[in-house]
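Asker: Given next are the chains, with one letter for each unit.
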Amino acid sequence: MTRTEILGIMNHVMVKKGRAELSDETAKTRESNFRSLDFSEVALRIETEIGRELNFDATTMRRIETIKDVLDFFEHTMKA
Amino acid sequence: MAVVSTLNSVIAEGRWFNWGQLKASIAEKFDLDVIRHRRVMFAAESELHAASLVVAGLTAGMDFGIVEIRQVTPQLLDRFYVEGITLSSTKTDAKLSRDPFVSNFKPGRVTVLTSGTTGVPKLIEHSSNSLNTFDRLRNVRPRNWFVPYQIGSYAWYQMIFLSLFVDGQSLILGQADDLMGSFDEALKNKRVDAVSATPTFWRQAAMSIEPEVLSSSGIKSLSLGGEVVDQSILDYLSDMFPDAEIKHIFASSETGAAIVVSDRKAGFSAKLLEQDHRKGIELRVDEGRLQILSRYGSCDKTSEWIDTGDLVELVDDRVYFRGRADNSMINVGGQKAYPAAIEAVLLEHPSVLWARVSAQRAPLVGYLPQAKVVLSQIRDEQELELVLTSFCEERLPEHAVPRLWSFLEDIPIAKSLKS
Chain G
1 MTRTEILGIM NHVMVKKGRA ELSDETAKTR ESNFRSLDFS EVALRIETEI GRELNFDATT
61 MRRIETIKDV LDFFEHTMKA
Chain P
1 MAVVSTLNSV IAEGRWFNWG QLKASIAEKF DLDVIRHRRV MFAAESELHA ASLVVAGLTA
61 GMDFGIVEIR QVTPQLLDRF YVEGITLSST KTDAKLSRDP FVSNFKPGRV TVLTSGTTGV
121 PKLIEHSSNS LNTFDRLRNV RPRNWFVPYQ IGSYAWYQMI FLSLFVDGQS LILGQADDLM
181 GSFDEALKNK RVDAVSATPT FWRQAAMSIE PEVLSSSGIK SLSLGGEVVD QSILDYLSDM
241 FPDAEIKHIF ASSETGAAIV VSDRKAGFSA KLLEQDHRKG IELRVDEGRL QILSRYGSCD
301 KTSEWIDTGD LVELVDDRVY FRGRADNSMI NVGGQKAYPA AIEAVLLEHP SVLWARVSAQ
361 RAPLVGYLPQ AKVVLSQIRD EQELELVLTS FCEERLPEHA VPRLWSFLED IPIAKSLKS
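Just so you know, the protein sequences line up as chains G and P, in that order. My numbering numbers the first residue of the first sequence as 1 and each following residue consecutively. My numbering numbers the first residue of the second sequence as 1 and each following residue consecutively.
Next comes chain G alone, as it looks inside the complex (with noise of 0.2 Å):
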């Protein structure tokens, strides 16, 4: 799944949750209204997507800010 993939499933999200679509990726997760729940979401949709349970590193998720950490997060992940 690609870069752009993830943000269109996080797009997805926003969109349904009638928020602004996310464009700027230096934007803070909380300034950009992407909640944990919305992650979580996020986290299935991918899973169901790529038929497997992703490695959720308590680690690095604390690490995560900004949409880009998110986006770097979910591809460092299925990488793994």
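Treat the hints as calculated values from the structure; they're not laboratory data. Please read all numbers here as calculations on a predicted model, not as lab measurements. Just to be clear, a hint being listed does not mean it is correct.
Claimed, not checked - Straight line, CA to CA, 25 Å or less: simulated BS3-like cross-link-like pairs of lysine-lysine:
#1 P:Lys265 - P:Lys247
#2 G:Lys16 - P:Lys336
#3 P:Lys418 - P:Lys122
#4 P:Lys106 - P:Lys265
#5 P:Lys106 - P:Lys122
#6 P:Lys247 - P:Lys29
#7 G:Lys16 - G:Lys68
#8 P:Lys95 - P:Lys29
#9 G:Lys16 - P:Lys372
#10 P:Lys372 - G:Lys17
#11 P:Lys336 - G:Lys17
#12 P:Lys188 - P:Lys415
To be verified - Simulated restraints on C-beta separations:
#13 G:Arg3 - P:Val285: 49 to 55 Å
#14 G:Ile50 - P:Arg284: 23 to 29 Å
#15 P:Ala414 - G:Ile50: 30 to 36 Å
#16 P:Asp263 - G:Arg3: 54 to 60 Å
Unchecked claim - Computed footprint of chain G on chain P; a stretch qualifies when at least three of its residues, placed anywhere within it, have a C-beta under 8 Å from a C-beta of chain G:
#17 362 to 371
#18 378 to 390
#19 399 to 405
Built from N, CA and C at the ideal position, the CB exists for glycine as well.
With chain G held as given, fit chain P onto it using these hints.
Answerer: Chain P only, in chain G's frame:
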């Protein structure tokens, strides 16, 4: 206890009978004396056969119950064996099971089966006294009841007993292999003016039967039960049958029929929690669970409080059902979401005919609510996902808003008429 209304009618398979004829139909072909001193479950081959067996078994004072032959599984036979029950057929004049492990005979006992939704049906002990909950009724108008329930269930026995013990109450037995077809036919022939059913039955009827057939049927009395009765189904039925008496009844195999609500509102008045025990039924709420003490309950539990396993919530002066305690709470990142409450919100939406909410395991937060929905008319599903999400967000806390959606073509109705 003597059957008092042998002349009430029973209509099945397009033919009319009275209870006296049905009793005689068993006696003609089968000598009940052969098994009179055993605990017996009769294997019924049709709705009519099952009804005939009840009146025959009751008048002979037997220790018996009824099970639909298609419901008999090896696991159920094992349960019969352990409980000292012989499975018998009056059609083949034969025992259908091995001799039971123990002798366990109690004259006058009537064995009721639970729906078996979560496994092998349980056996609940009743008697004609506990099943005849109609001694509370006064001045009952004559009615022709459509009976859609699964043979041998508590609700089915209730309808059979209504007709056996209350004058003027006739039954039209729905056919399990074509339930909606038999209902449609009974409505068109103007045979029915009363129906006892689950909310799921009515939602399926709304999809399967022309609205004109329903509205012009002349239905005067409706009883709902077996599932949480939400406001949307009460509103639908009130609109469809504005002149009908509409009641929803809380009943279970173990507690019997315990709560009757007739104000067309979901839930029940909190005043019932202070109900006078002289009426034979008391209610209380313990840690959010409804408990009932009832003289109409299972015979071995008439003097003890029964935990119904149903979660309830007091809002103002009303008690609302919030689902089952054992499987109904969704833990979303440590916050509780209740499927019944979410379903009630979804059913408020005019495009939603049926909804079921469950927990979907999800990373990080543990579980997310997912909704399965049947629409009342064809709509763009992607658009409706947005609309329903927004609708829920206005009425529910964020963690309770469904995140995953499935749109089904049909309501997945079980034989118990529940979904």
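Asker: Does P:Lys122 sit within 25 Å of P:Lys106, going by the straight-line distance between their CA atoms?
Answerer: holds, 18 Å
Asker: For P:Lys265 and P:Lys247, compute the direct alpha-carbon distance and say whether it is at most 25 Å.
Answerer: At roughly 9 Å apart (the allowed maximum being 25 Å), P:Lys247 and P:Lys265 satisfy the hint.
Asker: Does P:Lys29 lie within 25 Å of P:Lys247 when you go C-alpha to C-alpha?
Answerer: violated, 40 Å
Asker: Given the proposed pairing of P:Lys372 with G:Lys17, does the C-alpha separation stay at or below 25 Å?
Answerer: holds, 18 Å
Asker: Just to be careful, I want the Cα atoms of P:Lys188 and P:Lys415 compared with a cutoff of 25 Å; is the pair within it?
Answerer: holds, 24 Å
Asker: Is 49 to 55 Å a correct range for the gap between the Cβ atoms of G:Arg3 and P:Val285?
Answerer: Because 53 Å falls inside the window, the suggested range holds.
Asker: Can you take a look at whether the region 362 to 371 of chain P is actually covered by chain G? Rule is 3+ residues, C-beta closer than 8 Å.
Answerer: holds (count 5)
Asker: For the pair supplied as a hint, G:Lys16 and P:Lys336, is the alpha-carbon distance within the 25 Å limit?
Answerer: At roughly 22 Å apart (the allowed maximum being 25 Å), P:Lys336 and G:Lys16 satisfy the hint.
Asker: Given the hint that P:Lys95 pairs with P:Lys29, does the C-alpha gap stay at or below 25 Å?
Answerer: holds, 15 Å
Asker: Is 23 to 29 Å right for how far apart the beta carbons of G:Ile50 and P:Arg284 are?
Answerer: violated, 51 Å
Asker: Can you confirm whether the C-alpha distance between G:Lys16 and G:Lys68 stays at or below 25 Å?
Answerer: holds, 21 Å
Asker: Between the alpha carbons of P:Lys336 and G:Lys17, is the straight-line distance 25 Å or under?
Answerer: holds, 20 Å
The structure is inconsistent with the numbered hints 4, 6 and 14, although it conforms to all the rest.
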